[in-house]
Amino acid sequence: MRQDSHRFLIAYDVPDDKRRSHITVTLKRFGLRVQYSVFMVDCSPSHVLTLQRELEEIMNRDEDSVLVSDLGLSKTADDRAVTWLGHSRYIVGNGTMII
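Going letter by letter, the sequence shown gives residues -10 to 88 in our numbering.
Rather than coming from a laboratory, the hints here were simulated on the basis of the structure. Each hint should be verified, as a subset may be incorrect.
[Claimed, not checked] Straight line, CA to CA, 20 Å or less: simulated SDA-like cross-link-like pairs of lysine to any residue:
1) K7 with K64
2) K64 with S33
3) K7 with S33
4) K7 with D53
Build out the structure end to end from the sequences listed, making use of the hints.
If you want it as structure tokens, here you go:
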């Protein structure tokens, strides 16, 4: 993992099945699915811009929404950045998810 990697929380609301599926496949290339429409991505801020451009090419801006939240440096991201209620998942610094 690069020193400048940040942890990003990405959530989406896409009503169209085909676009939603395409967005899901794209996000799986970049990060880990932690809920049905929520991903955690560890990458550099410049790399997340590439991801955002890819998502913008897929989505319909009039119907779809994607939330990208920067949770800070991956190496210092910890449980304080995210609060889980119910069945939780723990994501270690290299992007690995422990269920």
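Hint check:
1. Note on K7 and K64: the hinted pairing is violated, with a Cα-Cα distance of about 35 Å set against a maximum of 20 Å.
2. Restraint check for K64 and S33: the C-alpha separation of about 12 Å stays at or below 20 Å, so the hint holds.
3. Distance restraint check for K7 and S33: the Cα-Cα separation of roughly 28 Å exceeds the 20 Å cut-off, and the hinted pair is therefore not satisfied.
4. The suggested pairing of K7 with D53 holds, with an alpha-carbon distance near 12 Å, which does not exceed 20 Å.
Checked against the numbered hints listed earlier, the structure breaks hints 1, 3; every other hint is satisfied.
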